[in-house]
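Participant: Sequence:
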Amino acid sequence: MAGELVTRPGHIEIGDVLLGPGTPFRWRSLTGWEESPGLDSGTVTRADAHGGFPGRLLAQPRTITVEGLVVRTEPGLVGAAVRALAAATALRDDEQPLVVQLDATPPLMCYARCIRRAIPVEAGGYAVGVAVGGALQFEATDPRRYTAVEQTVETRLPQPEPGLDWHLAPGPEGLGWPLEFGTPGSTGTMTAVNSGDAPAHPTVSFRGPVERPSLTSITTGVVIEYDIALGDGDVLVIDTAAGTVTLNGSASRLHTVTARSTPEQLFTISPGASTLAFRAAPWSTDPRADCTVTWRSAYW
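As numbered in the numbering used here, the sequence shown has no gaps in its residue numbers, which increase by one up to the final residue, 300.
Please keep in mind that the hints were generated in silico from the structure rather than gathered at the bench. From the three backbone atoms N, C-alpha and C, an ideal C-beta is built for every residue, glycine too. What you were told as hints is all true, and nothing was included just to trick you.
Label-pair distances were calculated between CB atoms; the ranges are: (1) R8 with T275: 30 to 40 angstroms; (2) R72 with Q265: 38 to 48 angstroms; (3) R8 with L91: 26 to 36 angstroms; (4) P263 with D103: 33 to 43 angstroms; (5) P54 with S29: 31 to 41 angstroms; (6) A90 with R8: 22 to 32 angstroms; (7) G55 with D286: 38 to 48 angstroms; (8) T187 with T220: 11 to 21 angstroms; (9) T43 with P75: 54 to 64 angstroms; (10) T141 with P263: 14 to 24 angstroms; (11) G22 with T105: 15 to 25 angstroms; (12) L91 with V70: 15 to 25 angstroms.
Turn these sequences into a full structure, and let the hints guide you.
Facilitator: The following block contains the structure:
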């Protein structure tokens with residue numbers, strides 16, 4: 001699990017290698033982590049007046065650099081430590097979690113690849129167990145940073161409450177208090193809290209039996225809906241960041257999107273609390289159907 005090695009301030013986790021206190025790797029500074037990423041501005045200059053028309057601001061990939069890297073081990077073991085670091089930062093096509101904890105605040109993470117590694121080699125340094133002045137540089141195509149711990153909420157389709165059975169024979173004292181109104185029904189709504197300051201892309205799972213499942217953000221009005229009948233045990237997973245819709249882990253069902261559904265990438269959890277409503281076709285009311293939403297709070 002991402003971040004499981006991070007236990008104290010100053011720790012940086014890269015794959016299965018940990019930098020910081022209590023490790024062979026120490027570092028001096030981290031640039032690009034708390035800075036805002038570069039921006040592409042859609043602002044258009046006015047042709048007949050001062051200023052311009054404000055356009056969208058889209059964040060560019062984030063570049064993160066670990067500087068002042070020091071490798072310190074028992075004499076003769078620097079090479080082994082450097083090899084372990086090299087394996088964790090080797091060139092790769094996919095991104096891996098980069099987890100950082102700066103102080104007592106819970107760690108944040110991004111998904112990144114190492115694009116540059118520099119470990120100085122000085123005469124005699126490896127023999128005595130020290131290499132000083134290294135650096136690591138990472139590129140995160142998604143510039144947002146996330147909490148290491150995922151959050152999950154779940155709900156079922158709306159179900160009525162059974163209410164009080166007025167046909168019960170009263171006792172000597174009448175019906176008696178407290179009255180038993182039965183198990184509360186489901187409202188089909190849930191609240192997702194994004195404690196960060198950037199929109200978060202959730203993963204949504206619809207589990208059957210259900211027909212034409214949908215999820216609506218009551219907060220923003222954005223909806224995703226699919227014209228598909230899920231049987232008992234079928235699971236339709238929507239990755240809103242990647243824009244994929246997958247049935248039972250393999251088959252794409254992106255073509256089942258309905259006309260009122262918005263593009264998956266537009267379905268986000270805004271900073272703060274968002275109310276989400278799980279609905280289905282009017283005739284689809286099976287109480288076993290459910291919807292699960294998983295996300296990480298996101299920060300710029």
